[in-house]
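Student: Sequence:
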Amino acid sequence: MTIGLRTRLVVAFALVGVITAMAVAGGMYLKARSVILEQAQDAALLALTDGVDRLARFDSSPPTRDRLQRIASGLSDRDDTAVAVSGDLSAGGLPLSVVTPELRDAVRGGRVAWQRVSVDGVTQLVSGTRVVSGSSVLEVYTLRSLAPAAVSIGELSTRAWAFGGAALVFALVLALLAAWSVLRPVRELGEAARRMGSGDLKSRLDVRGSDELAGLAVTFNDTADALDQRVDQLRRMEADARRFVADVSHELRTPLSAMTAVADVLEEEAGTLPADAAQAARLVGQETHNLTRLVNDLMEISRFDSGAAALVLDDVDVAEAVRASLRARGWLDSVDTAMPQDLVARLDPRRVDVVLANLVGNALRHGGEPVTLTVAAEPGWVVIAVADRGPGLSADVLPHVFDRFYKADSSRARSTGSGLGLAIARENALLHGGELTAGNHPEGGAVFTLRLPDSGGDR
1 MTIGLRTRLV VAFALVGVIT AMAVAGGMYL KARSVILEQA QDAALLALTD
51 GVDRLARFDS SPPTRDRLQR IASGLSDRDD TAVAVSGDLS AGGLPLSVVT
101 PELRDAVRGG RVAWQRVSVD GVTQLVSGTR VVSGSSVLEV YTLRSLAPAA
151 VSIGELSTRA WAFGGAALVF ALVLALLAAW SVLRPVRELG EAARRMGSGD
201 LKSRLDVRGS DELAGLAVTF NDTADALDQR VDQLRRMEAD ARRFVADVSH
251 ELRTPLSAMT AVADVLEEEA GTLPADAAQA ARLVGQETHN LTRLVNDLME
301 ISRFDSGAAA LVLDDVDVAE AVRASLRARG WLDSVDTAMP QDLVARLDPR
351 RVDVVLANLV GNALRHGGEP VTLTVAAEPG WVVIAVADRG PGLSADVLPH
401 VFDRFYKADS SRARSTGSGL GLAIARENAL LHGGELTAGN HPEGGAVFTL
451 RLPDSGGDR
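For what it's worth, the UniProt record's numbering labels the leading residue of the sequence shown as 1, then goes sequentially.
Derived from the structure by calculation, the hints contain no laboratory data.
Warning: the hint list may mix true and false statements.
Distance condition first, Cα-Cα at most 20 Å in a straight line; then the derived DMTMM-like pairs of lysine to aspartate or glutamate [said to hold, decoys possible]: (1) K407 to D276; (2) K31 to D42; (3) K202 to E155; (4) K407 to D232; (5) K31 to E155.
Pair by pair, the computed Cβ-Cβ distance ranges are [claimed, not checked]: (6) R194 to R159: 49 to 59 Å; (7) N440 to S306: 26 to 36 Å; (8) A328 to R194: 45 to 55 Å; (9) T437 to S306: 20 to 30 Å; (10) W381 to L174: 41 to 51 Å.
As the structure is a prediction and not an experimental result, all values here were calculated from the model.
A virtual CB, placed ideally from N, CA and C, is assigned to each residue, including glycine.
Let's have the full structure, built from the sequences with the hints guiding it.
Tutor: Laid out in structure tokens, this is it:
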């Protein structure tokens, strides 16, 4: 699963904020912990040295057990327990076993030393110093509990965790705000791109600031301007081309009418002409009729392109309209029909006739017998299907079968078809609010299905 950019930004900002906050909190905790321990150690050492100086100054008697006990007792209070050592003699409430050999070596070397030890699971501070009294050398050690310092450190730890939690919440809020601020221009860009994709070529972005995102907005606006101008130019060119086709087709109608009349006369007189002249006359007549059909198709398609095509609806007996269309072209005996009687729909009979003529004509010319035409009624729809048993439509032809001037067989380039018939048929279906689809029958052959609303419609 792909994680969104917003989520990644929030996570990144939050991680940076949390890591920074935890690093600061951790550093502050370690520093404060060190200060608390140093203060406890300094207090213990200060109490030790002050007490030793005071006791040694007023008591310079030989180091007997009683004297050692007096020194140890003088250093012992509610915070400290002491032991005084001279040679093999020792006295005091602190067991000498608590003092490590390393600490005794340091004290014997003349240093004031300390060491943290664990006694019954409690961290304690053992500190020691050497005392020279007359000709005697004494070692004095005190034991002080670090429990108060541990309590302070625990409270500090709690505050650090609380600070970390607050920092996490703050980092998340800050991350959401930052992500929203950073992604807002991206969202606006996406919305503008979607509007352009849906056809709103006037969509533009407000440019704020001068950063990289502002530069992206400027680039988008420049691209949109160029695209808008290009589309306007293409629309003008397309409109000019449509007008040109319509004008040329209209201007050709008058000379073509005259040519058609002459061609008809030539075809009628072809039987009295020499063979070569008769063939030429028939060819002229055929090509004149083809040209007339092409011009008429071009004029019809230009009406669809310009939006001038309109429906003239009427209540039509569908079965009778189909029979009339077949009868007018002499196809009644060539097509098998299956139609319900008394099926009335609100249609444009002329446009339906154009569609039927094209579909049935194509099936008879390019398909295989038998050609069947079926009419069925569905809720709200009239469905007319024209099928043949020819080779059908190949997979590379199906996507283009309704394209203008498309011919599946290049060898038909000089055939009677203009390549506009199916395109016009489909436009007529769409004008009704219906559809025309093409496919293949499971048993072979092509099937064209016309679906029209039975109550009339307009595209």
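Student: Determine for every hint whether it applies to the structure shown.
Tutor: Each hint tested on the structure:
1. K407 to D276: 31 Å, violated
2. K31 to D42: Distance of about 16 Å is within 20 Å: holds.
3. K202 to E155: Between K202 and E155 the Cα gap is close to 63 Å, so the pair fails against 20 Å, i.e. violated.
4. K407 to D232: 31 Å, violated
5. K31 to E155: 14 Å, holds
6. R194 to R159: 49 to 59 Å: About 50 Å separates the Cβ atoms of R194 and R159, which means 49 to 59 Å holds.
7. N440 to S306: 26 to 36 Å: Holds - the Cβ-Cβ distance for N440 and S306, about 35 Å, lies within 26 to 36 Å.
8. A328 to R194: 45 to 55 Å: 50 Å, holds
9. T437 to S306: 20 to 30 Å: 26 Å, holds
10. W381 to L174: 41 to 51 Å: 60 Å, violated
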